[in-house]
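A.B. asks: Sequence:
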Amino acid sequence: MLSASSSYHLVPFLGTPCLNLVKLSQPLNALAAFRVSVHHFCSETVTVDQNFDCDGRSGIEDESLESDVDKFCETNDFVSEEGGYVWFVVHVTQILTKATAKCLGFSKRNTHREMSSSTRKKVQKKCKIRGYTLELDAVDEILSFESEFNNDSALDDPVDILLDLLVTQPIKDKETVHRIATRILGADAAINETPDGDGDDVIRASDLLIVDAFKVPKFRYDPIKKVFYKHTGSLPMHGDAFSKAALYKDRFLLLSQMLSRHKDFSKPAFDSELSDFGRCEISPIQSLIGQTGRRWVMGLISQLEDGHFYLEDLSASVMAMPELIKARVEVQSNQKHEIIIFLDNIYKITAGFFVENTIVVAEGEMLLEGVFQVFNCGFPPLEGRDKSLQFLAGHDSFGSGTLTEQETLRLAKLEREAVNGNVVILSDIWLDNEEAMGKLERVLDAFENEDFVPCLFVLMGNFCSHPCNLGFHSFSNLRSQFGKLGQMIAAHPRLKEGSCFLFIPGPDDAGPSTVLPRPSLPKYLREELQNHIPNAIFSSNPCRMKFCSQEVVFFRQDLLYRMRRSCLMPPSTEETTDDFEHLVATITHQCHLCPLPLIVQPIIWNYDHSLYLYPTPHTIVLGDRSEQKAFKYTGITCFNPGSFSSDGAFVVYRPDNQEAQPIACHYCDNPEYHALLPQRDHNCLQHHLKIFDKKNVPSWNSNPEV
Numbered sequence: 001m002l003s004a005s006s007s008y009h010l011v012p013f014l015g016t017p018c019l020n021l022v023k024l025s026q027p028l029n030a031l032a033a034f035r036v037s038v039h040h041f042c043s044e045t046v047t048v049d050q051n052f053d054c055d056g057r058s059g060i061e062d063e064s065l066e067s068d069v070d071k072f073c074e075t076n077d078f079v080s081e082e083g084g085y086v087w088f089v090v091h092v093t094q095i096l097t098k099a100t101a102k103c104l105g106f107s108k109r110n111t112h113r114e115m116s117s118s119t120r121k122k123v124q125k126k127c128k129i130r131g132y133t134l135e136l137d138a139v140d141e142i143l144s145f146e147s148e149f150n151n152d153s154a155l156d157d158p159v160d161i162l163l164d165l166l167v168t169q170p171i172k173d174k175e176t177v178h179r180i181a182t183r184i185l186g187a188d189a190a191i192n193e194t195p196d197g198d199g200d201d202v203i204r205a206s207d208l209l210i211v212d213a214f215k216v217p218k219f220r221y222d223p224i225k226k227v228f229y230k231h232t233g234s235l236p237m238h239g240d241a242f243s244k245a246a247l248y249k250d251r252f253l254l255l256s257q258m259l260s261r262h263k264d265f266s267k268p269a270f271d272s273e274l275s276d277f278g279r280c281e282i283s284p285i286q287s288l289i290g291q292t293g294r295r296w297v298m299g300l301i302s303q304l305e306d307g308h309f310y311l312e313d314l315s316a317s318v319m320a321m322p323e324l325i326k327a328r329v330e331v332q333s334n335q336k337h338e339i340i341i342f343l344d345n346i347y348k349i350t351a352g353f354f355v356e357n358t359i360v361v362a363e364g365e366m367l368l369e370g371v372f373q374v375f376n377c378g379f380p381p382l383e384g385r386d387k388s389l390q391f392l393a394g395h396d397s398f399g400s401g402t403l404t405e406q407e408t409l410r411l412a413k414l415e416r417e418a419v420n421g422n423v424v425i426l427s428d429i430w431l432d433n434e435e436a437m438g439k440l441e442r443v444l445d446a447f448e449n450e451d452f453v454p455c456l457f458v459l460m461g462n463f464c465s466h467p468c469n470l471g472f473h474s475f476s477n478l479r480s481q482f483g484k485l486g487q488m489i490a491a492h493p494r495l496k497e498g499s500c501f502l503f504i505p506g507p508d509d510a511g512p513s514t515v516l517p518r519p520s521l522p523k524y525l526r527e528e529l530q531n532h533i534p535n536a537i538f539s540s541n542p543c544r545m546k547f548c549s550q551e552v553v554f555f556r557q558d559l560l561y562r563m564r565r566s567c568l569m570p571p572s573t574e575e576t577t578d579d580f581e582h583l584v585a586t587i588t589h590q591c592h593l594c595p596l597p598l599i600v601q602p603i604i605w606n607y608d609h610s611l612y613l614y615p616t617p618h619t620i621v622l623g624d625r626s627e628q629k630a631f632k633y634t635g636i637t638c639f640n641p642g643s644f645s646s647d648g649a650f651v652v653y654r655p656d657n658q659e660a661q662p663i664a665c666h667y668c669d670n671p672e673y674h675a676l677l678p679q680r681d682h683n684c685l686q687h688h689l690k691i692f693d694k695k696n697v698p699s700w701n702s703n704p705e706v
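Counting in UniProt numbering, the sequence shown runs from 1 upward without gaps.
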């Protein structure tokens, strides 16, 4: 009889091969002895028959061996009648047989663990050479990445590339490693791909990606960690009071982190003196109390009291000199100044429209009355796209997904060589206006007869000559007019098959409200059109487009008119007198499509990020009822296609060189226009359209007799 308290020696069971149980020389209870024997057995290398299935497919359950031992020992007191010892050995044999199968897996895992440990040490050593360390989960992510490469030099090539890329990242965690590893693996897959070579010079619908404003990911800046992080969770349409406060805070932090990296506003290491054109340190507004001399501050222009304007940052607010708002001031650009004396004070501002709620950088002095007297004022400097992308550390703030370097190069080559790469952009398509529809049909006829049809037509609202507000009662007619537009497009088979059609609502189109961003046109209005053009795309206003490797933003709003009405002071005239150029400078330096006060243009608080221009896109299309304009500002192509229904103006955008060609279509056969037609390769287009440069020919409105 075997007792739990007796002294005994566990002997090997001869019927089970390769079981070397340890013999105990000290009296232990049965449970302890059995556990020690099993663990000793599992720590040794066990050789089993090759036909034995050690993966659990032979009926052995995938459970913990220790759990089996505990269950066996707890349910049996090892006290039995005759044959009790045999009964004990049989049960022990069953458990150890299971352990034999598991032990082979343990042995393999131990070998892998030893290799992983060696590789892990090698990775950590490489990290220390580069001046940083990684957490264990990040190292495991690198080991997983290394296992994707089968050659012996995998650790010396891809992993080194990954570790080098980690040097530039502010946060070196598991997520960052995974993001970089995914990009490297994607590039490796793209290199190993064998392209078929068919149609490499044709842009397809798969090369275009339209991003709805409500699908744009939201990122926030953490001023403590100095990194961007992605907002997780849902974004309610109706936000609370915190959402409104966060709107202004996020805008301020976005521009603040850009300013902190600018060379002219970074604190010098040795020279603390400030000069007119030297480095200028930004001071928090709260620190102005008790300070003397000139200081630079960054703040949001706010009207906390009627008739009194303040500069406000995250720490405090201060009243600005009223004369700054009322003064007729001039621009400071490229170190060239035009100065106007006003009330014995010198004021200088940069180009752009200074409206309430815009964020400015101002130089001034704190007066005894508690008023900040401003001498120089301007928008925060614009940061280059490449620098912004580098600081984003691979985050996709545009919403189109990240591309590998190899894929980006392929798409860039496609942009240059594509024969159908043109994009035709029209604004104000009044479906209830017969003259406007006649112009549109003439344009479609012209492009139908081209050798290569454009890859995309962008049709922006308004789609009705009358505002679709509460007083509008002709929605059924508007629905049928969309159907007629679909029939018109379907009558051009080459355009229907080879071109995409994007529809963006205007400020007076049917929708839930005038708040931004606006959703796409209601399904009720577009159903008949989609029956004729199934591949038509209906998106929000604004919306984004990833055109091959380029990022394009479309925005239909009468922004210039509203900016001029809300301007607190006349814009400068030194650098430019063109209002459209002032508008472009305002939205790009504010990194926002619509920096107007919320009382002038309401914005959904939780979706204000969908109007961000950070990083700056390649092209910005500002659909406006004002005059047709095109302007390239710091490498960003900005243009207004004009009102098609009013003067027949539209734009053909060429992605290969990021140029916008302003075009106008007129119903006239006047010979005086023929000499003004530009010489183009599109002979068919010239045959169907009267095309001219609007800078050389008077507009439609100024020549009603034409």
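Check the hints yourself; a few may be wrong.
Stated by the list, open to error - With a straight-line cut-off of 25 Å between C-alpha atoms, the simulated SDA-like cross-links for lysine to any residue are:
{"no.": "1", "residue 1": "K126", "residue 2": "L165"}
{"no.": "2", "residue 1": "K230", "residue 2": "A241"}
{"no.": "3", "residue 1": "K174", "residue 2": "A393"}
{"no.": "4", "residue 1": "K172", "residue 2": "L253"}
{"no.": "5", "residue 1": "K226", "residue 2": "D212"}
{"no.": "6", "residue 1": "K174", "residue 2": "A245"}
In case anyone wonders, no lab produced these hints; they're calculated from the structure.
A.B. asks: If a hint holds in the structure, say so; if it does not, say that too.
C.D. replies: Hints versus structure:
1. Annotation: proposed proximity of K126 to L165 holds, straight-line Cα distance about 13 Å (limit 25 Å).
2. The straight-line distance between the Cα atoms of K230 and A241 is roughly 21 Å, inside the 25 Å bound, and the hint therefore holds.
3. Between K174 and A393 the alpha-carbon distance is near 13 Å, which keeps this suggested pair within the 25 Å criterion.
4. For a cut-off of 25 Å, the pair hint linking K172 to L253 stands: about 22 Å separates their Cα positions.
5. For the hint linking K226 to D212, the alpha-carbon distance of about 28 Å lies beyond 25 Å, and the restraint is violated.
6. A hinted pair counts as satisfied when its Cα atoms are at most 25 Å apart, and K174 with A245 does not qualify at roughly 32 Å.
The structure fails hints 5 and 6 (numbered hints given earlier, in ascending order).
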